[in-house]
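Residue numbers (the numbering used here), protein chains in the order written: chain H, 1 to 153; chain U, 1001 to 1153; chain L, 2001 to 2153.
Check each hint, because a few of them may be wrong.
For lysine to any residue, the following SDA-like pairs were computed, each having C-alpha atoms within a straight-line distance of at most 25 Å [what the hints assert, rightly or not]: (1) H:K119 with U:P1041; (2) H:K119 with U:L1059; (3) U:K1119 with L:L2013; (4) U:K1119 with L:P2057; (5) U:K1119 with L:L2152; (6) U:K1119 with L:G2138; (7) U:K1119 with L:T2116; (8) L:K2119 with U:A1114; (9) L:K2119 with H:A144; (10) U:K1119 with H:T116; (11) H:K119 with L:D2151; (12) L:K2119 with L:N2039; (13) L:K2119 with H:V134.
Some chain H residues close to chain U (C-beta under 7 Å, calculated; not the full set) [stated by the list, open to error]: (14) V112; (15) Y113; (16) S115.
Residues of chain L clear of chain H, computed beta-carbon distances all greater than 12 Å [what the hints assert, rightly or not]: (17) T2009; (18) E2017; (19) R2031; (20) D2037; (21) Q2042; (22) P2060; (23) E2061; (24) S2067; (25) A2068; (26) I2091; (27) T2116; (28) Q2141.
In case anyone wonders, no lab produced these hints; they're calculated from the structure.
No residue lacks a Cβ here, since even glycine has one placed at the ideal position from N, Cα and C.
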Amino acid sequence: MTILADPATAVQLPAAEAAVLYAEVQQFYARQMQLLDLNEPQRWAGTFTEDATFDVPTLPEPVRGRSALIASTTRAHAQLAGSGEQHRHVIGMLDVRPQQDGTVHVRSYAVVYASTVGKDSRVHRVCVCEDVLVRDAGELQVAARRVTRDDLA
Amino acid sequence: MTILADPATAVQLPAAEAAVLYAEVQQFYARQMQLLDLNEPQRWAGTFTEDATFDVPTLPEPVRGRSALIASTTRAHAQLAGSGEQHRHVIGMLDVRPQQDGTVHVRSYAVVYASTVGKDSRVHRVCVCEDVLVRDAGELQVAARRVTRDDLA
Amino acid sequence: MTILADPATAVQLPAAEAAVLYAEVQQFYARQMQLLDLNEPQRWAGTFTEDATFDVPTLPEPVRGRSALIASTTRAHAQLAGSGEQHRHVIGMLDVRPQQDGTVHVRSYAVVYASTVGKDSRVHRVCVCEDVLVRDAGELQVAARRVTRDDLA
């Protein structure tokens, strides 16, 4: 899933169609990240396909499927609540590449901010997020996600 | 004004209309935040309705109306100038929800960066911004804004 | 090139056309910044016109032309690699103003994040970026860029 390496399979949409897709993708990420930060694991997992894979550098192998995603994010949120931190995930610089097979590849930056009541807010993580998006009944879903962190080798 | 809690009143626009609205809302916030950071209180206040409310956690009650907004932001900017800091307000992750009543609800993240000449730049605040947008002669305006800060309980 | 000071020359596009342009500009910056951070100097320089000018506060005079841009960014990247830092450039709050002469003026915020393996990530720079964009065979390119840094007088 090396997205930028394969521009050969990207489709050049007419500008008007590309604009509709670009807005749709931005709105998709806005809602997905807000659901994550609001600790809505079921609704958040609903933005992935049933058998989605989520590859992060801190786990030995990719998380696979919605129930595993729910379990994983519920655990992460419990830890976070214990630490008293509020996280906000902000996606930016979305490079949106519709593919010949109907999927949409997106490479973006994800900056995670952390705040604790009574203390300064700060940058927690800077990540690169590579997604394969598909449609289910018209709605975008993540079929595969790979996240890398700039502070890890 | 709990926006995410009432999806029942949100309207599902056709994708092309939703895209036009999404871009319009992004452009609106870009200009509004730049006017704030450029210290243009009158023009900034012009992006709110005449009787807009602005609810922030650091004030005992919401600011109401353009002249109060101008007074409030002029005061805040004088303090900021005294401290030698330049702030930049960056809105991201816009969840844009057009409503049946013609208003547009937007829940977004606002990250404020602070810089001082000769020192490092840093994250100053991480906020959630919930807006009710309306139209006046076609132009978007904020009718009601509620900001919460992640570093306050 | 004081963009905000001359709204007289800005064109008011119909909302649908403005939305297409807004998405196109966002996609343009996403790819341009990713190419910079991926250390692809040639492809990055290809997002500028042949004779583009790039005015930054840390150089005595603007960089002019693609080969100078390639040399300048290659030098900067070698320094960065030596320091062990990974930078990510994130453009936000894009105020997009199409002009009567067919160019597109964009004033935006650029936040640069820095990460080092094994250490915290952090805000490196907060900048204002003012661009004049033109089209070459339909594709956007930067004809002139002026960057100012909030931590410099």
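_Hints violated by the structure (numbers, ascending)_ = Hint check: 1, 3, 6, 9, 13, 14, 18, 19, 20, 26 and 27 fail, others pass.
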